[in-house]
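J.: Take a look at the letters that make up each chain.
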Amino acid sequence: MEALDLTKRPKSKLALKPEWADVCFTCGTCASGCPVTGVDGWDPRKAVRAALLGLEQELVDSRWPWICTICGRCEYMCPQGVNLMALIRYARTLRERDKVPGVLHKGVAMCLERGNNLGIPETDYLFLLADLSKEMEEGTVETEHGEEYPPYPGFYCPVDKEGANIIVTINSKEPMGEPEDMMFWWRIFYAAKESWTVPKQNWEGVLWGLFTGDDDALKEQCRRIIENARKVGAKTILYPE
Amino acid sequence: MSVFELLKEYIETGRIKLDKSKYEGKKITIHDPCNYHRKSFMSFGQHFLDECRWVTAQCCPEIVEMEPHGMNGLCCGAGGGAWASPYVQERIDYGKWKADQIKATGTDLICAPCHNCRDQIMKSLTKEFDIPQRTYYIWELVSDCVIMEPWSEEEVKKSHEERDKQYERDDIDLDEEY
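So the protein lines, in turn, are chains B and D. For the first sequence, this note's numbering assigns the number 122 to the initial residue and increments by one for each residue that follows. For the second sequence, this note's numbering assigns the number 2 to the initial residue and increments by one for each residue that follows.
Certain hints may be false.
[To be verified] The calculated lysine-lysine pairs, modelled on DSSO-like cross-linking and capped at a C-alpha distance of 27 angstroms, are:
1. K158/D with K18/D
2. K166/D with K314/B
3. K166/D with K227/B
4. K352/B with K124/D
[What the hints assert, rightly or not] Restraint-style ranges between C-beta atoms, simulated for each label pair:
5. S22/D with T244/B: 52 to 58 angstroms
6. E348/B with R135/D: 35 to 41 angstroms
7. E243/B with D165/D: 18 to 24 angstroms
8. D161/B with D131/D: 26 to 32 angstroms
9. D182/B with K97/D: 24 to 30 angstroms
10. P151/D with I358/B: 28 to 34 angstroms
11. D161/B with K23/D: 29 to 35 angstroms
Treat the hints as calculated values from the structure; they're not laboratory data. Don't be surprised by glycine CBs; every beta carbon is placed ideally from N, CA and C.
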């Protein structure tokens, strides 16, 4: 292995700010507390060293920034205040988009194009909400664990309701695979007599741009959530993610 | 607004009433999602650890903590997109930390106040590591304890009018074969 000449250290693409790497004292507190220290030979301290010493491409090309869950324990305990989460997330940003592991980037692209990560069409979504509402009102809900629920007279799921107090985002896994789980909140809203609504379009609450290091996508997804709230005049966004 | 603040407000102001007998005699442990607590605190100076425990205790007062928990709590192993990532074995290995913590509490129930953490614990770790407890969203606990009082005829009528208007706007016809 060739020794690094630190006097000719190239400018790092990853250590963008001093607090991302330069300020590190290499104490190893981060690595000691990290549940994925040692996986593929990496740990948070090594990631910081790689960023500082011009070896960032090795980190970017490795699986490690994606096995790390960016839980933030390392940063919370770091005595030097190294911004480890920003650093690791940016290592994900530097990954070419077609090399982002698994479905995450596909979900981001789908969400930007069709308003939710799974590409559920608007008509299916609206019909599902109406159908579930009817089941809940009539008390004919079938649940996974066999619970029985009474009828909820007058219940329906408001969509883009003008002047609603609370607008709620939706996790696309629920309409797709666990629709009855949406009723947990619906039953609470019914009892509280809340004035609430869900968005008609762009209702996704799971913003994968956060995970893929895609700031432009994330910004657009957040903009849509706020736009939906403004459109109906909702004072509060409930974001159950 | 966070789910904890809203649930606490509903309970505190009496807008919803809870049937406390639902989980009587049961013990519960709480998983603290990184985003709601540690990362929210580091980004915005606010965590919801106390609100989360207060709301949980309204449904099931006997809370047994995992160690470590709170600001130093361990991730479920599926955060940061790992639930949807192809590195499945790595996600499960990571989750073993959480599974061991959960089992050590010896409780009957687990409160997981986040979609992602709940899926990892309930759908993956439970079967991988034989976790005996059942996992609940915090809003599921509250929802299961809420005392249902049917609306008045007038309220039902008003709601039906609003519903019909919405369905007409969105072209929804439930009688139509779909």
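J.: So, for every hint listed, does it hold in this structure?
T.: A quick look at each hint next to the structure:
For the hint linking K158/D to K18/D, the alpha-carbon distance of about 24 angstroms falls within 27 angstroms, and the restraint holds. At most 27 angstroms may separate the alpha-carbon atoms for a hinted pair to count; K166/D and K314/B meet this at roughly 19 angstroms. Between K166/D and K227/B, the direct Cα distance comes to roughly 36 angstroms. Violation of the 27 angstroms bound is thereby established for this hinted pair. Our distance criterion of 27 angstroms between C-alpha atoms is broken by K352/B and K124/D, whose separation comes to about 37 angstroms.
The given range of 52 to 58 angstroms is broken by S22/D and T244/B, whose C-beta atoms sit roughly 43 angstroms from each other. Between E348/B and R135/D the Cβ separation comes to about 38 angstroms, which falls inside the hinted range of 35 to 41 angstroms. A hinted range of 18 to 24 angstroms for the beta carbons of E243/B and D165/D is consistent with their spacing of about 20 angstroms. At roughly 28 angstroms, the beta carbons of D161/B and D131/D sit within the given window of 26 to 32 angstroms.
At about 27 angstroms, the CB distance of D182/B to K97/D agrees with the hint of 24 to 30 angstroms. The given range of 28 to 34 angstroms is respected by P151/D and I358/B, whose C-beta atoms sit roughly 29 angstroms from each other. Between D161/B and K23/D, the C-beta spacing of about 46 angstroms breaks the proposed range 29 to 35 angstroms.
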